[in-house]
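Participant: The residues making up each chain are set out below.
Number of protein chains: 2
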Amino acid sequence: MEYKFSDKISSLKPSAIREILKATSLPGMIPFAAGNPAPDAFPVSEVQAIAADILANRPIEALQYGVTEGYAPLIAAVTKRMKEKYDIVKEFDSVIITSGAQQVMDLSTKVLCNEGDVVICENPSFIGSLNCFRSYNTKLVGVSVEADGMNMEELEKALKENENAKFIYTIPNFHNPAGVTMSLEKRKKLYALAKEYGVMILEDNPYGDLRVAGEDIPSIKSLDEDGIVIYSGSFSKILAPGIRVGFTVAPSEVIAKMTVGKQAVDVHTTQFMQMVVAEWMTKYDVDAHIEKIQAIYRKKLNLMCDMIDSELGDAVSYVRPEGGLFIWCELPEDVNALEFVKRSAENMVALVPGTAFFTDTAGKSNAVRLNFSTPADDKIVDGMKIIGKVLKEMRG
Amino acid sequence: MEYKFSDKISSLKPSAIREILKATSLPGMIPFAAGNPAPDAFPVSEVQAIAADILANRPIEALQYGVTEGYAPLIAAVTKRMKEKYDIVKEFDSVIITSGAQQVMDLSTKVLCNEGDVVICENPSFIGSLNCFRSYNTKLVGVSVEADGMNMEELEKALKENENAKFIYTIPNFHNPAGVTMSLEKRKKLYALAKEYGVMILEDNPYGDLRVAGEDIPSIKSLDEDGIVIYSGSFSKILAPGIRVGFTVAPSEVIAKMTVGKQAVDVHTTQFMQMVVAEWMTKYDVDAHIEKIQAIYRKKLNLMCDMIDSELGDAVSYVRPEGGLFIWCELPEDVNALEFVKRSAENMVALVPGTAFFTDTAGKSNAVRLNFSTPADDKIVDGMKIIGKVLKEMRG
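Protein chains in written order, with this note's numbering: chain Z, 6 to 401; chain C, 6 to 401.
Treat each hint with caution, since some may be false.
No distinction is drawn between identical chains; accordingly, a pair holds when it is met within one copy or between any pair of copies.
[What the hints assert, rightly or not] Straight-line C-alpha distance at most 27 angstroms; calculated DSSO-like pairs for lysine-lysine:
no. : residue 1 : residue 2
1   : K347      : K200
2   : K288      : K9
3   : K165      : K90
4   : K144      : K9
5   : K165      : K394
6   : K162      : K304
7   : K304      : K390
8   : K194      : K288
9   : K193      : K88
10  : K397      : K194
Quick caveat, the hints were computed from the structure, so don't treat them as lab data. Bear in mind the structure is a predicted one, so any value in this text is a computation, not a measurement.
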């Protein structure tokens, strides 16, 4: 049979980048291309104890169907923490649990966008979110990213020129892939512009707790007085990604529609995993655990930055991230990034070329994204030495 | 802010039925409206042992990101069982793991349908699937269900009249809500018609292993020589629904597109839950467990049928199911089904009115769906006596 696929799925073409990345799963490859949490950042003994307790005392609750909105004690724990610690969850807001934060992107697009509608996003941005928006046949309009976040003049221009823009997608903290954090001034400006143009904001904050330097900046959602911000949160980076538990805080009217959408896509998020997270949040010291993983990532980030400075030196430029998992590294003009990625892979170091992250997949970029959370410390050293050598060879 | 939602989500309106069902969550309500497995059908001690073993010996694998296609040993176990036991998984097929079978409906529609395309389905059919198809702005075309499955003349007419039909959705075994099983003759005819008109088949088989009488009938997928059948399987009914693990067997080209779609909606299915299912399938006797739950449901189904006969008698008509979880019960013409459901709820028995399951939500039906898996045996007796009394009162 000759298959005819939908326009929306046909628009998601495997790219040349995917072919390069295929090689990166070879055994022995040093993984600077991934985005996995460090294995020692998982609270393994806590999860063991919690899982055993739940299955011993409440097995049927863990194995039976749950409700679409999520496990009530988890919703309560998330709401409490978000309110008390981050001033998120306003009177007009509700919280639902999602199957990872990726599902927040999916449900937001599903409820807000018709085909052809515009999503405004940082350029570059997280490829998983961009592909999600694309899968609804939306049009992506990119806004440049600076050291302190989105270029606000470009954002206003994008809002002016696109009356059918439905939301602005942003990763304000420790941006993936750019590594930068949006200033408070720009957060306020972004909020004011969204309000002025009647466009919602989708604030994606998977890395917010992974700050290793500098001071916390209030989330855009905490500024929300008008019910225009959808906030996406995740347990992937502070607990574990394999459990696929995220959440969203958004105006109750929007949450009601997202719930109808979620019912149709996966009924509800794994009940057992939701119970594990709820127990972890209520019986253990989440803040102490976050401090522990911040220490792990602080060490790794500093190590990788030191190695960039010593092995790549002045040939490259980067903004030193204050947290998160990624460093965006601009290569010198005389080095082609795709070729650099290819040669690094041949030498057993996996990188992602910057072009992967742009709204226009044919977009030009001469950067690479480096991840420091996945490789062990000694592999950071080894890998940086290797790509330093590759760079020197390519520059003659 | 005044929210503008997408056309597709706006089409999923809360119905009058939903209001009636709200009352059914009251404590003390006898649950004939649900579709939950019986609590004693869960392999609790096995899951306890497996979960403890995984978290003791392979915690990082369980907590870290997995691949979108699914946990490789689970894919292997599913492939082996489907091949050996059901002659499913042809040379041209692949298998991926999904977040419950509901996600198979979501991904199938995503990859096959543009807005306005037609999905042909049984009428009545499972409301969760119908709402999923609706959420892509497809047009539903319903085909009547008879005691031996879809009306084939109506199906051919629907195929003739709808050139943009993309797939035929069917629940051939122990249909939800109709309770009927499609004959082998009709399965062959359905396959031949789909082939003739170049339309795919989405075969949803969540209840197939829950046969309590009669002989197994080959799946439509087992007849597939042309790569036109997408098969949806689930662990919700034979293991547990709260873990949200399902799978799909489909032509590799289709699976490749579904994988791209899944990456954008939830990255991957919970790794820990996939590992639990894989261990259960490889280290325990799945067939013995299925026999155990068949015995549980055989008893419950027979009990409810006996109670229908004694309490509702000749006033109603139904096809005695050979398995599954549901009985479709046609009420006498002089009784309004919605009113019957309302009065039953007032007397603490929850039912779903037949109208909930039709492609046209304004469709006429004078049936109710009865579920026998959720209520304890004594509650089946109590509940049937109550609705028998309600029926008598309504008929004066």
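Participant: Give a verdict on every hint.
Facilitator: Hint-by-hint comparison with the structure:
With identical chains, the CA atoms of K347 and K200 are never at most 27 angstroms apart, being 44 angstroms at best within one copy and 45 angstroms at best between copies. In this assembly of identical chains, K288 and K9 lie within 27 angstroms of each other by CA distance neither inside one copy nor across copies; the values are 51 angstroms within and 40 angstroms between. Neither within a single protomer nor between protomers do K165 and K90 lie at most 27 angstroms apart by alpha-carbon distance, with minima of 35 angstroms and 60 angstroms respectively. Taking the closest pair of Cα atoms, K144 and K9 come within 27 angstroms of each other both inside a single copy (22 angstroms) and across two copies (18 angstroms).
Taking identical chains as interchangeable, the C-alpha atoms of K165 and K394 are never at most 27 angstroms apart, the minima being 47 angstroms within one chain and 65 angstroms between chains. Within a single copy, K162 and K304 get their C-alpha atoms no closer than 40 angstroms, and across copies no closer than 68 angstroms, so neither meets the 27 angstroms cut-off. For the homomeric pair K304 and K390, the shortest alpha-carbon distance inside one copy (18 angstroms) is at most 27 angstroms, but the shortest distance between copies (69 angstroms) is not. Taking the shortest alpha-carbon separations for K194 and K288, neither the intra-copy value of 39 angstroms nor the inter-copy value of 58 angstroms comes in at or below 27 angstroms.
Taking the shortest Cα distances, K193 and K88 sit within 27 angstroms of each other inside one copy (20 angstroms), while across copies they are farther apart (58 angstroms). Taking the closest pair of Cα atoms, K397 and K194 never come within 27 angstroms of each other, the shortest separation being 42 angstroms inside a single copy and 67 angstroms across copies.
When each numbered hint is compared with the structure, violations occur for hints 1, 2, 3, 5, 6, 8, 10.
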